[in-house]
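Enquirer: The chain contents come next:
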Amino acid sequence: MIKYTAFKYAPVLAFQLLLMVLYFIFVRYGGGEDANIKGFEDTHVMIFIGFGFLMTFLKKYSYSALGFNWLLAALVIQWALLCQSFYHMKNNTIYVTKKSLLEADIMSATVLITFGALLGVASGLQLLFIAIVETAVACLNMWLVADVFKASDVGGSIAIHTFGAYFGIGVSMALKSKNKDTTPTTNGNTTPSVDLNAPSYISDVTAMIGSIFLWIYWPSFNSGLTNTDAEYQRAVVNTYLSLAAATVTTFVLSSALNEHKGKFDMVHIQNSTLAGGVAVGSVCNMQIGAGGAVAIGIGAGILSVLGYRYLTPKLTKIGILDTCGVNNLHGMPGIYSGVLSVLFAGLATSDAYGAELGTVFSGIGQNGRTIGQQALNQFLALVVTLLLSLVSGFLTGLLSKIPALEPLKQKEWYNDEINWELP
Amino acid sequence: MIKYTAFKYAPVLAFQLLLMVLYFIFVRYGGGEDANIKGFEDTHVMIFIGFGFLMTFLKKYSYSALGFNWLLAALVIQWALLCQSFYHMKNNTIYVTKKSLLEADIMSATVLITFGALLGVASGLQLLFIAIVETAVACLNMWLVADVFKASDVGGSIAIHTFGAYFGIGVSMALKSKNKDTTPTTNGNTTPSVDLNAPSYISDVTAMIGSIFLWIYWPSFNSGLTNTDAEYQRAVVNTYLSLAAATVTTFVLSSALNEHKGKFDMVHIQNSTLAGGVAVGSVCNMQIGAGGAVAIGIGAGILSVLGYRYLTPKLTKIGILDTCGVNNLHGMPGIYSGVLSVLFAGLATSDAYGAELGTVFSGIGQNGRTIGQQALNQFLALVVTLLLSLVSGFLTGLLSKIPALEPLKQKEWYNDEINWELP
Amino acid sequence: MIKYTAFKYAPVLAFQLLLMVLYFIFVRYGGGEDANIKGFEDTHVMIFIGFGFLMTFLKKYSYSALGFNWLLAALVIQWALLCQSFYHMKNNTIYVTKKSLLEADIMSATVLITFGALLGVASGLQLLFIAIVETAVACLNMWLVADVFKASDVGGSIAIHTFGAYFGIGVSMALKSKNKDTTPTTNGNTTPSVDLNAPSYISDVTAMIGSIFLWIYWPSFNSGLTNTDAEYQRAVVNTYLSLAAATVTTFVLSSALNEHKGKFDMVHIQNSTLAGGVAVGSVCNMQIGAGGAVAIGIGAGILSVLGYRYLTPKLTKIGILDTCGVNNLHGMPGIYSGVLSVLFAGLATSDAYGAELGTVFSGIGQNGRTIGQQALNQFLALVVTLLLSLVSGFLTGLLSKIPALEPLKQKEWYNDEINWELP
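In order, the protein sequences belong to chains A, B and C. Numbered by UniProt numbering, the letters in the first sequence go through residues 1 to 423 in order. Numbered by UniProt numbering, the letters in the second sequence go through residues 1 to 423 in order. Numbered by UniProt numbering, the letters in the third sequence go through residues 1 to 423 in order.
Hints are computed from structural coordinates only; laboratory data are not their basis. Where is the CB? At the ideal position from N, CA and C, for every residue including glycine. Keep in mind that a hint or two might mislead.
Covered stretches of chain A (chain B as the covering partner; in silico rule of three or more C-beta atoms under 8 Å from a C-beta of chain B) [claimed, not checked]:
1) 95-106
2) 113-124
3) 224-238
4) 266-273
Away from chain C, derived, C-beta distances all over 12 Å, residues of chain A [claimed, not checked]:
5) Gly32
6) His44
7) Thr349
8) Tyr353
9) Leu357
10) Gly358
11) Val383
12) Leu398
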């Protein structure tokens with residue numbers, strides 16, 4: 001009964017067993033002082049329900065969206081917990097706390113964003129390979145951003161969103177040459193798999209489960225790693241306001257740019273509404289002001305809808321696929337947030353922050369930097385993230401094309417059939 | 001590429017920009033003392049997932065239900081935060097805390113209840129206009145209930161549920177004359193849009209997502225604004241028990257009143273189960289007793305199912321549309337809760353409440369009222385809410401009929417087609 | 001208008017009224033010291049969304065899955081609160097706290113697991129009868145496990161999962177003789193109802209809502225009744241890791257055992273992923289080590305997928321139906337967890353646990369047992385649970401066959417038609 005294909009995912013089981021051994025050797029329980037950390041459960045919902053269901057929008061790829069999202073995240077959270085903690089080991093031991101779980105969940109978002117770019121066009125084995133490599137590189141980048149540059153990035157818009165999006169774009173660029181001669185056309189000349197790159201009525205409804213849960217819990221995501229009640233509350237308030245403003249803006253712009261009587265486009269509604277959470281991520285614990293949060297959200301909605309409307313078709317035309325448009329939801333809004341963090345770091349004053357100046361900006365508190373130096377480091381963190389993600393993504397993409405990872409033919413794209421027993 | 005219809009929602013963007021300006025001028029961050037308030041995240045789920053998915057029950061209006069619910073709530077939470085705080089400004093400044101966000105979320109429920117009455121029959125522009133006006137009036141009413149009458153209404157059954165339902169009924173009465181000659185008939189003479197006023201198998205399943213999440217988090221909703229652990233726990237316990245009892249009663253009664261072999265009716269199951277949460281709302285922090293909570297829930301289930309079974313058809317017949325039956329879920333159970341609050345205020349004793357007498361009933365604690373005076377004020381709060389909601393709803397409904405708001409023709413009712421690019 | 005069938009569920013209303021009377025007589029509000037207990041809201045989501053949607057996987061039984069799940073749980077939480085507290089009354093009074101609600105929710109899982117075994121083949125009246133009896137017996141068993149044997153079982157893998165699964169198997173064995181001559185055949189000779197024992201594309205997607213929410217909040221479920229921050233955090237960490245490892249293992253094994261090119265099987269993905277939460281349940285607050293938690297999860301995934309692949313077809317063949325395969329998700333993983341609890345109790349040392357030895361193992365702390373005695377009692381708790389659940393389930397199943405409970409004919413199985421007004 002066991003056939004050749006039975007061993008298809010055997011390397012994944014081997015990796016799971018390796019993780020088990022590493023946990024036995026290196027991981028011990030931490031003390032209870034982080035046991036009451038906020039935001040873990042909400043972030044957990046975002047990762048497994050939010051990302052999973054958001055990606056069910058394709059008419060015949062809902063099982064794969066939910067299944068691979070779950071499999072990748074379940075693998076990555078175990079792996080990320082080790083990789084992230086690697087830079088903070090004490091006596092060669094990793095002490096795991098509830099905060100570690102939150103950080104691992106947050107890191108898994110990086111991989112899921114990349115998955116969004118590749119949705120339907122990468123095989124299961126490719127996705128697993130990419131996820132394992134990306135996690136290691138993203139944790140290195142996180143260490144650069146947080147510990148070397150000591151950049152403020154509490155909501156991870158630089159280290160998570162920007163990294164995940166451009167790693168995905170990097171992979172897509174590497175896969176491009178292979179796809180060149182089979183780029184989907186827009187003139188009705190559809191192969192079966194191209195037909196499947198579209199939603200059904202109900203798949204767009206189930207995608208809204210993911211989208212709205214992401215939106216609801218984004219304030220918890222952005223505020224989970226804050227230090228004080230005041231900083232926590234500011235992160236929650238700013239994220240809430242930015243998301244609300246981005247949502248209103250998205251609806252208005254989606255209608256304004258529509259070709260048929262001002263109708264809304266579900267792609268914008270499911271995605272650009274969330275750009276407000278990304279855009280405010282790096283600065284949500286700073287003194288940006290409630291009006292500033294609203295303004296940032298308005299800008300995020302505009303940026304994201306314009307990206308979906310004008311940029312994505314151009315990228316698709318030159319063969320860089322981005323199924324979920326993560327460049328418009330995570331990529332450009334992530335850069336936008338990084339730039340804002342340079343700006344707000346440069347504008348920070350002791351008057352505005354008081355004793356918080358050194359906790360909101362740990363580079364100022366721990367390294368005695370000036371605000372100018374802090375702004376510079378915010379900028380460097382953003383640039384390094386962009387470069388590292390694109391380059392490592394591209395290289396990983398090249399590696400993922402080996403036959404052993406069973407890359408898909410274009411006619412197999414966007415189709416649950418190849419991965420699942422279907423009813 | 002920009003056409004006339006591109007400017008359709010331009011006034012909404014203008015309003016969003018106005019909000020931004022008002023936030024810049026008037027809003028500052030509050031201190032961290034309310035940063036750990038309970039119930040915010042759960043209420044947030046109720047507003048955006050709960051109300052949104054509950055209203056997906058129509059077979060071809062799921063996108064609009066989810067989309068308008070999201071758009072309206074995202075706009076209203078920003079606007080309500082200003083309107084509610086207007087009555088409590090210090091030095092012309094609004095200090096926003098996590099509690100403000102919770103209060104804004106709760107206020108947005110008012111508008112979403114009204115939306116439920118108008119589901120499928122009002123245009124997007126009408127809904128937005130109604131939402132902006134209603135929020136302002138509902139915040140005025142909230143000030144009357146909470147600050148003038150100092151009525152106890154911790155779960156908002158008077159100020160939120162009753163107001164939202166009868167504001168919606170008021171709008172429907174105003175829209176009635178327009179619909180008079182096109183009232184849906186029950187004799188099979190169906191126009192396309194009337195056909196659409198019905199669920200599909202899957203739309204009733206997605207509606208259950210909303211219904212059950214509302215049910216689950218209702219204890220958090222009702223208890224979010226309590227003051228002490230004991231009061232909080234009482235609110236949670238009473239709401240939990242009332243909901244459970246209402247649910248059992250709803251199933252039994254739905255079967256008993258069914259014309260075909262005692263089958264259940266999804267309309268009742270999705271809605272009347274929740275009436276237990278409304279009915280106990282105004283009194284859930286009072287000493288009603290666990291048995292009392294169960295009894296109130298049983299009453300709520302009976303009241304609500306009877307309303308759906310016998311009253312709604314009559315209202316529809318005379319042209320007062322109420323698509324979701326909010327009169328049966330929020331209206332009558334809200335009045336029921338208000339009447340219970342008169343009763344339990346009148347029965348309150350120092351023996352039963354101890355030091356809590358002045359915190360559960362702030363009118364007694366702050367104004368030195370007798371329990372009789374408190375009961376009278378509970379009654380006045382209910383009556384004023386009913387009158388103000390009906391009258392202001394009716395007037396708003398009349399105003400919403402101007403052509404600029406693009407009122408729908410009956411053949412356009414209950415149809416996503418007019419608002420969305422569909423697959 | 002009132003017909004004979006109108007009285008179909010009248011006994012349920014009578015039972016609800018009896019509950020009301022019992023609450024009036026026996027139940028009072030407890031103090032606020034348990035008002036901030038963790039895990040209640042998350043567990044509430046698991047019971048009503050998690051179990052409810054997980055069981056929507058059948059193509060034409062989604063309404064019944066959601067509806068009966070809700071009705072049964074709403075009834076059982078009221079009834080379980082009384083039954084559980086019966087063994088801890090003070091002066092003939094039950095003091096209800098938020099912790100009581102959590103315990104009642106957890107107890108209702110027992111009944112819902114049993115419901116999973118009987119999904120589609122038992123009538124509404126049978127399910128309600130079974131639920132009421134099972135709750136009483138399960139609360140007795142809980143008292144034996146927790147208070148007599150003082151077994152450590154913080155996540156309820158013995159008292160909840162094992163009990164619920166084998167009570168359900170017991171009922172199925174009792175219903176077997178009736179089904180003997182009509183056992184579903186696998187040779188294509190399908191009656192309509194057998195056709196319905198299968199998912200549709202969308203019903204498997206909605207089932208994932210339930211499955212993933214159960215998975216997400218399982219750490220909250222397992223840790224809800226812990227005593228200290230350190231113990232709580234250990235329970236969360238271990239459950240998180242065990243679930244993640246079980247998930248990866250499930251995907252790999254599901255593919256490996258598939259007959260068609262290594263495809264995944266949704267039955268495994270929806271269920272065996274969760275076995276990691278059951279398997280670690282009884283020991284998650286113990287010093288099992290992070291590596292141990294991963295190992296337990298790997299074992300759970302293997303055990304559960306093998307059960308679905310090889311054992312369930314055999315049980316079905318001999319007429320013991322188990323629609324959701326609760327034996328593979330709750331039964332065998334529950335026994336596995338119970339055996340692990342014997343092992344880890346036997347291995348416990350003062351060195352490893354310190355002062356926690358007496359709180360993690362209350363039998364050691366309160367009764368001064370040796371670790372050997374504690375291990376023996378863990379074993380006895382498991383054996384008694386198995387015996388009591390199977391025997392009481394079998395007897396309850398026999399009783400449920402009386403005509404008054406309207407048992408279903410095979411042609412009525414798996415069909416919403418008999419219970420619901422359908423669109």
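Enquirer: Taking a Cβ-to-Cβ distance below 8 Å as contact, does the segment 224-238 of chain A have at least three residues touching chain B?
Expert: holds (count 8)
Enquirer: Check, residue by residue, whether the segment 95-106 of chain A contains three or more positions whose beta-carbon lies closer than 8 Å to a beta-carbon of chain B, and give the verdict.
Expert: Violated, because only 0 residues of the segment 95-106 of chain A bring their Cβ atoms closer than 8 Å to Cβ atoms of chain B.
Enquirer: Does the no-contact call for glycine 358 of chain A survive, Cβ to all of chain C over 12 Å?
Expert: holds (28 Å)
Enquirer: Against chain B, does the segment 266-273 of chain A show at least 3 residues with beta-carbon separation below 8 Å?
Expert: holds (count 3)
Enquirer: Beyond 12 Å on every Cβ pair: is that true for valine 383 of chain A relative to chain C?
Expert: Since the minimum Cβ distance to chain C is about 34 Å, valine 383 of chain A lies beyond 12 Å and the statement holds.
Enquirer: Please settle this one: leucine 398 of chain A was flagged as non-interface, so is its CB more than 12 Å from every CB on chain C?
Expert: holds (25 Å)
Enquirer: Holds or violated: is the Cβ of threonine 349 of chain A farther than 12 Å from all Cβ atoms of chain C?
Expert: holds (38 Å)
Enquirer: Just checking, histidine 44 of chain A versus chain C, shortest CB gap more than 12 Å?
Expert: Non-interface label fails for histidine 44 of chain A: nearest chain C Cβ at 5 Å, not farther than 12 Å.
Enquirer: Do three or more residues from the segment 113-124 of chain A put their C-beta atoms closer than 8 Å to C-beta atoms of chain B?
Expert: violated (count 0)
Enquirer: Test the statement that tyrosine 353 of chain A is away from the interface with chain C: the closest C-beta pair must be farther apart than 12 Å.
Expert: Holds: least Cβ distance 31 Å, greater than 12 Å.
Enquirer: Determine whether the non-interface label on glycine 32 of chain A survives the test: each CB of chain C must be over 12 Å from its CB.
Expert: violated (3 Å)
Enquirer: Would the least Cβ to Cβ distance between leucine 357 of chain A and chain C come out above 12 Å?
Expert: holds (31 Å)
Hints 1, 2, 5 and 6, counting from the list given before, are not met by this structure.
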